[in-house]
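Heads up: the sequence lines are chains A and B, in that order.
Going by my numbering, the letters in the first sequence line up with residues 1 to 420, in that order.
Going by my numbering, the letters in the second sequence line up with residues 1 to 420, in that order.
Don't take each hint at face value.
One copy or any two copies: either way a pair holds, since identical chains are not told apart in the list.
Mimicking SDA-like on lysine to any residue, the simulated pairs with C-alpha atoms at most 20 Å apart in a straight line are [what the hints assert, rightly or not]:
id: 1; residue 1: K381; residue 2: H397
id: 2; residue 1: K289; residue 2: G273
id: 3; residue 1: K407; residue 2: N237
id: 4; residue 1: K381; residue 2: E354
id: 5; residue 1: K122; residue 2: N369
id: 6; residue 1: K238; residue 2: R81
id: 7; residue 1: K99; residue 2: N7
id: 8; residue 1: K381; residue 2: L286
id: 9; residue 1: K99; residue 2: S235
id: 10; residue 1: K83; residue 2: S29
id: 11; residue 1: K381; residue 2: E396
id: 12; residue 1: K289; residue 2: D87
id: 13; residue 1: K407; residue 2: D208
id: 14; residue 1: K83; residue 2: S327
id: 15; residue 1: K361; residue 2: G128
id: 16; residue 1: K407; residue 2: L209
id: 17; residue 1: K225; residue 2: Q343
id: 18; residue 1: K361; residue 2: E38
id: 19; residue 1: K412; residue 2: I337
id: 20; residue 1: K418; residue 2: H177
id: 21; residue 1: K83; residue 2: H177
id: 22; residue 1: K225; residue 2: G175
id: 23; residue 1: K381; residue 2: H34
id: 24; residue 1: K225; residue 2: H129
The hints are simulated quantities; they were obtained by calculation from the structure and are not laboratory data.
Protein chains: 2
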Amino acid sequence: MSELTGNCLVAQSGGPTAVINASVAGVVSEALNHECIEEIYGGLNGVHGILNEELIDLAEESQQNIRGLRHTPASALGTCRFKLRRDEDFARILEVFEKHNIRFFFYVGGNDSQDTANKISKLAQSRGHEMRAIGIPKTIDNDLVVTDHCPGYGSVIKSICTTVREMALDHEAMGQHDLVSILEVMGRNAGWIAAGASLAKGNKENPDLAPHLIYLPEVPFTTEKYLEDVRRVLSRNKHCFVVVGEGLVDPDGNYVSTSSGATDAFGHAQLGGCGDFLQRTVEENLGIKARSAKLGISQRAAAHCSSQADNDEAYMAGEAAVRAAISGETDKMVTLIRGDEDQYSCETGLAPLEDIANGVKMLPQEWINEDGVSMNYQFFKYASPLIKGEVEVPYEHGLPQYTRLSKNRVQKQLGDHKFE
Amino acid sequence: MSELTGNCLVAQSGGPTAVINASVAGVVSEALNHECIEEIYGGLNGVHGILNEELIDLAEESQQNIRGLRHTPASALGTCRFKLRRDEDFARILEVFEKHNIRFFFYVGGNDSQDTANKISKLAQSRGHEMRAIGIPKTIDNDLVVTDHCPGYGSVIKSICTTVREMALDHEAMGQHDLVSILEVMGRNAGWIAAGASLAKGNKENPDLAPHLIYLPEVPFTTEKYLEDVRRVLSRNKHCFVVVGEGLVDPDGNYVSTSSGATDAFGHAQLGGCGDFLQRTVEENLGIKARSAKLGISQRAAAHCSSQADNDEAYMAGEAAVRAAISGETDKMVTLIRGDEDQYSCETGLAPLEDIANGVKMLPQEWINEDGVSMNYQFFKYASPLIKGEVEVPYEHGLPQYTRLSKNRVQKQLGDHKFE
């Protein structure tokens with residue numbers, strides 16, 4: 001047992017997922033078990049809110065609310081894409097931690113967030129504020145290194161596969177003319193999400209089942225090859241179902257049909273529009289009717305068809321983070337470790353935050369078939385277990401009932417923070 | 001009991017829905033109860049397939065398959081957007097009916113399809129081929145006249161409301177900056193689908209809940225009013241959720257951001273792109289970040305979150321069609337009639353096909369609030385019961401299992417048909 005006693009703070013960062021709140025529920029439930037944790041605080045809108053001293057008392061939330069978090073999509077604490085850069089921002093975070101006696105800090109996020117958690121912890125150590133910082137992985141992109149996979153990934157691909165299956169049936173029914181259907185999905189640098197759509201086939205490498213073609217950021221895109229691929233599929237089927245990752249690039253590394261050069265706070269390009277580009281390319285070059293759909297953020301928020309396996313692991317990662325901190329670990333992120341057996345199993349581990357921060361795990365090239373537009377058995381073996389099981393969401397008046405926290409504020413003890 | 005004895009034929013037409021197969025299941029189940037119906041045939045791809053004599057034996061399908069149709073989206077028999085125009089096409093249809101002794105014809109579709117069924121029946125009467133033609137309503141657009149509502153509508157709006165609720169939570173979580181989120185939904189001429197998104201609020205006229213703004217084809221669109229609406233919402237909330245029907249028009253009646261002048265086989269304009277237009281308009285005029293999503297055909301195919309009420313009524317309409325034909329009715333469409341009581345109830349009726357054909361039921365202007373971008377209690381009262389209940393879809397390996405028919409072909413007895 002740790003001798004460290006004080007308050008804990010959990011916050012969320014980056015793009016939400018269908019299960020990031022399950023991790024917060026795991027943190028809160030486990031924290032209640034340990035007497036060395038006095039107050040259980042939530043930070044609103046990640047480090048941006050912590051800078052403003054916007055803390056809520058999570059122990060005051062009803063049990064119903066904390067249970068409801070397990071099936072509620074998006075970030076119930078609010079999130080941010082704000083990057084801590086200035087020394088005065090880091091110092092302010094530490095000041096908030098000191099004033100509120102934060103000794104256990106849990107940050108649920110992707111690699112930028114793990115980097116932030118690491119820097120805060122290092123600063124605390126250098127200033128003599130004893131604390132433990134544990135990261136909890138979260139990203140639909142599945143691109144964190146070290147961990148076998150990331151909470152959030154299984155649910156986003158389950159939602160996409162469900163949609164692919166349903167759209168494909170609709171598509172097949174319109175059997176009168178050739179038809180190309182294009183679904184644009186998320187995935188900034190790595191094709192994990194687009195690749196995951198291949199599970200809609202039902203674990204089989206059946207070329208007649210949708211999706212027929214998957215375009216990944218890992219495979220440089222050329223219009224010639226694309227038109228050839230579509231022609232090949234249409235020579236067998238009257239319909240061709242295309243899934244494309246938003247981060248598709250040409251052989252020079254330029255995004256295909258990036259609508260503008262806009263970037264977000266982390267300098268990442270804002271993507272979108274490659275689905276429309278693929279639609280126009282088919283219509284203009286092959287004279288064949290094409291349709292495109294862009295699920296946008298609905299794909300990552302689709303808790304109503306999220307994966308129970310993913311949800312359970314997200315919750316487990318939250319619990320594991322608390323246990324790790326209590327046992328004296330710090331500057332680590334919880335990882336998911338897959339068992340060696342044929343039957344899928346998953347347990348948690350720990351890895352240094354600095355190993356996670358700013359690393360990116362690409363989809364292994366050897367999991368992509370030679371045609372460049374489909375996935376092989378290694379990918380199926382990897383991804384299939386992650387979409388298993390259906391989360392039961394309560395319904396009322398025909399719609400899913402999601403939880404909004406009461407958000408009882410912790411009294412501020414500092415003046416306003418000056419943002420740059 | 002009818003003295004007419006012979007085979008029955010059921011076919012599907014127009015855009016699929018999440019519950020159109022439930023109507024076919026209703027036809028097949030009810031047809032099995034009546035000895036005057038000898039064979040139960042399905043026509044593939046609507047009248048287009050019937051012209052080609054592409055018939056399948058539905059009684060040969062396994063019971064599992066027919067049961068599976070009740071939760072399988074899209075048109076299991078295939079569909080078409082082919083319009084019968086030429087005399088030789090009508091004559092050919094009749095020839096197929098005569099050769100295969102089709103005495104009971106059930107056509108599941110929208111107003112174009114009911115028009116087609118009516119014309120076929122009238123021709124049969126003039127040629128002395130005794131038969132009964134009964135239409136079964138189907139359209140997500142909910143724009144058929146006479147019937148209180150259409151099977152398919154409840155499910156598409158339930159799916160959209162689920163997505164609105166989930167996207168809105170995601171949206172709210174990104175609380176750092178103002179954000180406008182735009183969801184483009186289907187709806188060619190009438191705003192029933194876009195209006196249905198208002199149910200995501202949970203039956204309450206709460207201006208703080210998404211969707212905040214709904215743009216309907218019934219309300220002429222101007223950029224000035226739109227920007228004013230967005231500014232008003234953002235003065236209360238950091239997020240503004242916009243739902244827009246694809247058939248949005250400006251005060252001159254031109255589609256907003258129609259990408260091309262292309263039309264389908266019925267002369268209807270091919271729409272899309274108004275969501276992107278609304279996104280760009282906000283970004284360029286207000287300098288506020290905006291996102292858009294276009295659910296495309298996924299919204300009408302989303303059987304995994306379809307409405308049990310809608311599904312039950314689609315099935316009931318199929319059964320009612322058979323019973324009507326058996327009892328001697330013809331040239332009628334099954335309608336849905338809402339009970340007078342406060343507690344929602346629904347039974348079937350019949351209306352002449354010619355009353356349905358080519359009529360369009362617009363969203364009543366008096367159900368739209370004065371602001372032009374929200375719906376009042378009359379709409380909520382009308383639409384709320386239609387999304388009630390969740391259809392249980394079987395899952396395997398984490399994904400919904402849908403049914404594909406075996407499609408055992410009925411032997412052709414005629415030569416090939418020459419299309420124009």
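The hints, checked one at a time:
no.	hint	result
1	K381 - H397	between (39 Å within a copy, 12 Å between copies)
2	K289 - G273	both (18 Å within a copy, 16 Å between copies)
3	K407 - N237	between (54 Å within a copy, 17 Å between copies)
4	K381 - E354	neither (29 Å within a copy, 56 Å between copies)
5	K122 - N369	neither (43 Å within a copy, 56 Å between copies)
6	K238 - R81	between (43 Å within a copy, 15 Å between copies)
7	K99 - N7	within (11 Å within a copy, 82 Å between copies)
8	K381 - L286	neither (36 Å within a copy, 48 Å between copies)
9	K99 - S235	neither (69 Å within a copy, 33 Å between copies)
10	K83 - S29	neither (29 Å within a copy, 61 Å between copies)
11	K381 - E396	between (37 Å within a copy, 16 Å between copies)
12	K289 - D87	neither (55 Å within a copy, 28 Å between copies)
13	K407 - D208	between (50 Å within a copy, 17 Å between copies)
14	K83 - S327	neither (29 Å within a copy, 72 Å between copies)
15	K361 - G128	neither (34 Å within a copy, 72 Å between copies)
16	K407 - L209	between (47 Å within a copy, 18 Å between copies)
17	K225 - Q343	neither (38 Å within a copy, 59 Å between copies)
18	K361 - E38	neither (37 Å within a copy, 62 Å between copies)
19	K412 - I337	neither (40 Å within a copy, 59 Å between copies)
20	K418 - H177	between (61 Å within a copy, 16 Å between copies)
21	K83 - H177	between (50 Å within a copy, 14 Å between copies)
22	K225 - G175	neither (25 Å within a copy, 42 Å between copies)
23	K381 - H34	neither (38 Å within a copy, 50 Å between copies)
24	K225 - H129	neither (58 Å within a copy, 54 Å between copies)
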